[in-house]
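The lines below spell out each chain.
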Amino acid sequence: MSNALRAILIAAALAALLSGGNAQADGPRIPVLVPITGFLSLEGTSQRNGAELALRESGVAFAVDDTATSPEVAVNAFERAMDDDDVVAVVAPMLGTQMLALVPLADEFGVPLITVSGTAKITELGSANVFRFFPGDAVVKAAQAHYAVEARGAKRPAIVYQTTAYGQSGRAEMARNLAALGVPAVFEEGLDVAVKDMLPVLAKVREAGADMLLLHLHSGPTALVVRQARAMGLDIPIVAGSAMHQPETAALLAPAELDGVCAESGASPISEDDPGVRDFVADYRARYERAPDAFALGQYDGVQMVLAAIEAGAETPEAVRAYLATNRFDGLAMTYKSDGKGNMAHSAVILCYGGGEDRIPRIVRRYDNLTGAL
Amino acid sequence: MLAGQLALNALALGSAYALVAIGFVLVLNATTAVNFAHGESVVAGGFAAVALATLLPADIALPGLVLLPGVLLVTAALGVAIATLAYLPIRSRPPVSVFATTIAVGIIVANGLNGAFGAAPRTAPPLVGGGTVDLFGLALGVQSLAIVATAAVLIGGLALLLERTQLGRRFRACAQDSEMARALGIPLVRMTVLAFALATALAGAAGLLLAHQFFVSAADGGTLILKAYIAVVIGGWGSLRGAAAGALLIAAFEVGVAAVASQPVAEGLLYIAVLLVLVVRPQGLFGEPQQVRA
Numbered sequence: 028m029s030n031a032l033r034a035i036l037i038a039a040a041l042a043a044l045l046s047g048g049n050a051q052a053d054g055p056r057i058p059v060l061v062p063i064t065g066f067l068s069l070e071g072t073s074q075r076n077g078a079e080l081a082l083r084e085s086g087v088a089f090a091v092d093d094t095a096t097s098p099e100v101a102v103n104a105f106e107r108a109m110d111d112d113d114v115v116a117v118v119a120p121m122l123g124t125q126m127l128a129l130v131p132l133a134d135e136f137g138v139p140l141i142t143v144s145g146t147a148k149i150t151e152l153g154s155a156n157v158f159r160f161f162p163g164d165a166v167v168k169a170a171q172a173h174y175a176v177e178a179r180g181a182k183r184p185a186i187v188y189q190t191t192a193y194g195q196s197g198r199a200e201m202a203r204n205l206a207a208l209g210v211p212a213v214f215e216e217g218l219d220v221a222v223k224d225m226l227p228v229l230a231k232v233r234e235a236g237a238d239m240l241l242l243h244l245h246s247g248p249t250a251l252v253v254r255q256a257r258a259m260g261l262d263i264p265i266v267a268g269s270a271m272h273q274p275e276t277a278a279l280l281a282p283a284e285l286d287g288v289c290a291e292s293g294a295s296p297i298s299e300d301d302p303g304v305r306d307f308v309a310d311y312r313a314r315y316e317r318a319p320d321a322f323a324l325g326q327y328d329g330v331q332m333v334l335a336a337i338e339a340g341a342e343t344p345e346a347v348r349a350y351l352a353t354n355r356f357d358g359l360a361m362t363y364k365s366d367g368k369g370n371m372a373h374s375a376v377i378l379c380y381g382g383g384e385d386r387i388p389r390i391v392r393r394y395d396n397l398t399g400a401l
Numbered sequence: 387m388l389a390g391q392l393a394l395n396a397l398a399l400g401s402a403y404a405l406v407a408i409g410f411v412l413v414l415n416a417t418t419a420v421n422f423a424h425g426e427s428v429v430a431g432g433f434a435a436v437a438l439a440t441l442l443p444a445d446i447a448l449p450g451l452v453l454l455p456g457v458l459l460v461t462a463a464l465g466v467a468i469a470t471l472a473y474l475p476i477r478s479r480p481p482v483s484v485f486a487t488t489i490a491v492g493i494i495v496a497n498g499l500n501g502a503f504g505a506a507p508r509t510a511p512p513l514v515g516g517g518t519v520d521l522f523g524l525a526l527g528v529q530s531l532a533i534v535a536t537a538a539v540l541i542g543g544l545a546l547l548l549e550r551t552q553l554g555r556r557f558r559a560c561a562q563d564s565e566m567a568r569a570l571g572i573p574l575v576r577m578t579v580l581a582f583a584l585a586t587a588l589a590g591a592a593g594l595l596l597a598h599q600f601f602v603s604a605a606d607g608g609t610l611i612l613k614a615y616i617a618v619v620i621g622g623w624g625s626l627r628g629a630a631a632g633a634l635l636i637a638a639f640e641v642g643v644a645a646v647a648s649q650p651v652a653e654g655l656l657y658i659a660v661l662l663v664l665v666v667r668p669q670g671l672f673g674e675p676q677q678v679r680a
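Heads up: the protein sequence lines correspond to chains A and B, in order. Position one of the first sequence corresponds to residue 28 (the numbering used here), numbered consecutively onward. Position one of the second sequence corresponds to residue 387 (the numbering used here), numbered consecutively onward.
Check before you lean on any hint, since a few could be wrong.
Stated by the list, open to error - Interface residues of chain A toward chain B, partial, derived using beta-carbon atoms under 7 Å:
{"id": "1", "residue": "Gly65"}
{"id": "2", "residue": "Leu69"}
{"id": "3", "residue": "Glu216"}
{"id": "4", "residue": "Leu218"}
{"id": "5", "residue": "Asp224"}
{"id": "6", "residue": "Pro227"}
{"id": "7", "residue": "Ala230"}
{"id": "8", "residue": "Glu275"}
{"id": "9", "residue": "Leu279"}
{"id": "10", "residue": "Pro282"}
{"id": "11", "residue": "Tyr350"}
{"id": "12", "residue": "Thr353"}
{"id": "13", "residue": "Asn354"}
{"id": "14", "residue": "Arg389"}
{"id": "15", "residue": "Ile390"}
To be verified - Sample of chain B residues with no beta-carbon within 10 Å of chain A, all distances over it, derived:
{"id": "16", "residue": "Leu392"}
{"id": "17", "residue": "Leu399"}
{"id": "18", "residue": "Leu451"}
{"id": "19", "residue": "Arg477"}
{"id": "20", "residue": "Arg508"}
{"id": "21", "residue": "Val519"}
{"id": "22", "residue": "Leu546"}
{"id": "23", "residue": "Arg550"}
{"id": "24", "residue": "Met566"}
{"id": "25", "residue": "Leu596"}
{"id": "26", "residue": "Arg627"}
{"id": "27", "residue": "Val641"}
{"id": "28", "residue": "Ala644"}
{"id": "29", "residue": "Gly673"}
The hints are simulated quantities; they were obtained by calculation from the structure and are not laboratory data. All residues carry an ideal CB built from backbone N, CA and C; glycine is no exception.
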């Protein structure tokens, strides 16, 4: 076998491993374009699983395509998907830079994008085709700041955030909310996603006299900060970003390290008692052999709303867009309604870990309708 | 107290980076080309540790260090595969061709690990245990001390291999003048494959050392190969001692400088230092006689 043929066979096998779909000859189609590889693959896989679970139940045709980490790959995947005239909506990547590249294309093709991307700017471009089913920073960071100050009495909070667009967007919202509450941060520092040792930044947090640590980091860095804070004896409360609610993040830490750590999130499926959410968690575990996170549930709800539009007779992208823009939808995580810009989610939860072996956090506070859009 | 902890953390991180950079140089010297799959070899070592840990008996608390031989074997085999697939078929082409093939293999390895282990970061068992020990009034992390000790043993072993054995002399002969080595009857292809195996095994060991304290995920390879590349540029293209020194310097910036400046500033200062080295001493801190810089 030639080297070239061998390489093609390996590539084909990997492509088959990383993608999936449900082929149907006719009827509406919903391509699923998400980052399954690269630094956002954990969140992107959750996004894919949530969309796939909803679509498999429906029988609507779909195909999964990996957008990796660059805007170019996402644009190519989108253009390939739009070769099909039956596309009524697209599950779009949660990576903000990819969404910013896709929004003009979605406007050109007139196709709604269904996403859980947290990047604030995607709903500020004046596009009628963006629908975000995960609370943006304006919601979750407000919840995080209010919980820290009002429920936990923070007087001198410190913020540690990622230097990515995601991190800077969250930092700005958190700092704005803390200032509005009269408790500005006493220390702020951004970290590259590749930083391994958190001792330097934690030493500065301690030196600043912070009485609470607020995080806005991805999964691995969040776990690194929590572990090293515990190891160095930095015993101030930690209220983390939504990465800390992910079961995969909690799995990196020992129960003792998790004890007392809190986090904001749009939802926490494994913490909920609602029968619908419990069924979702059971189905998800059965299919993917892992616990779902809020990104999976948000994407599931988003696709369910598109399916509700199709069920109500929407057969074209225009009709689906009109349905999403004007209707209210009771999803499993929350009630969704557009604020006129495509922000569909307006509620958040705060959850805290109790240090048990099961690593299941409990929801300690709910912040409903923070934007007043419902 | 804090300064001692920071120094140990920098030394631990630098020791692991040194293993990566030394492996990078071994292949560089054997082929005059850059193996861009080297970062993924570190990641493969981390995941090999995660996988092998599941084979340990659950009722006996064995230290993660017992996984080291298995990790070395698995990643050495990966090195042979990289040499066979990405280097040997095109060894007569310009070194730049190897860039493309090793990048391709690196992507395949990263995506394969993503498919096999999932996208989430994973953690391997601690090398000898957790917690801290008191030394000279300092509370030092056991894992950090174990990383430094393990890396020192591995680097010392490599130095003995290269300096005191016939195999090591053959490695050095091939690196200094491959045509002359061939003329003297040294099997060049076999030595090249061995260099890949040895280099990738060192990278795998670094993966094991890093995978508990700093986790491992399939997308980490790009960052690690960049660190190895910078370490070699600082230390001197082709110099094993220079690679180790460059790796320690990177860690000193990441931990030490970041403790007094912000992390982004520390990163910026590191790259300014790299530029200064290139301007003042283009051959690197431990630069050897003129090499082809790929």
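Each hint, compared with the structure:
1. Gly65: It holds, given that the least Cβ distance between Gly65(A) and chain B is near 5 Å, below 7 Å.
2. Leu69: holds (4 Å)
3. Glu216: holds (5 Å)
4. Leu218: holds (5 Å)
5. Asp224: This interface hint holds because 5 Å falls under the 7 Å limit.
6. Pro227: Since chain B brings a Cβ to about 4 Å from Pro227(A), closer than 7 Å, the hint holds.
7. Ala230: Since the shortest Cβ distance to chain B is 6 Å, the answer is holds.
8. Glu275: holds (3 Å)
9. Leu279: Interface hint status for Leu279(A): holds (5 Å vs cutoff 7 Å).
10. Pro282: Hint on Pro282(A): violated, closest Cβ of chain B at ~14 Å, above 7 Å.
11. Tyr350: Violated, about 32 Å.
12. Thr353: This interface hint is violated because 36 Å lies over the 7 Å limit.
13. Asn354: violated (33 Å)
14. Arg389: Violated. Min distance 22 Å.
15. Ile390: Result: violated, 22 Å to nearest chain B Cβ.
16. Leu392: At about 6 Å from chain A, Leu392(B) fails to clear the 10 Å cut-off, so the statement is violated.
17. Leu399: Non-interface label fails for Leu399(B): nearest chain A Cβ at 6 Å, not farther than 10 Å.
18. Leu451: holds (19 Å)
19. Arg477: holds (13 Å)
20. Arg508: Arg508(B) not clear of chain A: closest Cβ-Cβ about 8 Å, inside 10 Å.
21. Val519: Holds, since 13 Å exceeds 10 Å.
22. Leu546: holds (29 Å)
23. Arg550: The assertion about Arg550(B) holds, with a minimum of 34 Å to chain A.
24. Met566: holds (30 Å)
25. Leu596: With a cut-off of 10 Å, Leu596(B) comes too close to chain A, as the shortest Cβ separation is near 7 Å.
26. Arg627: Holds, because the least Cβ-Cβ distance between Arg627(B) and chain A comes to about 24 Å, which exceeds 10 Å.
27. Val641: For Val641(B), whose nearest Cβ neighbour in chain A is about 5 Å away, the distance does not exceed 10 Å, so it is violated.
28. Ala644: violated (4 Å)
29. Gly673: holds (27 Å)
The structure fails hints 10, 11, 12, 13, 14, 15, 16, 17, 20, 25, 27, 28 (numbered hints given earlier, in ascending order).
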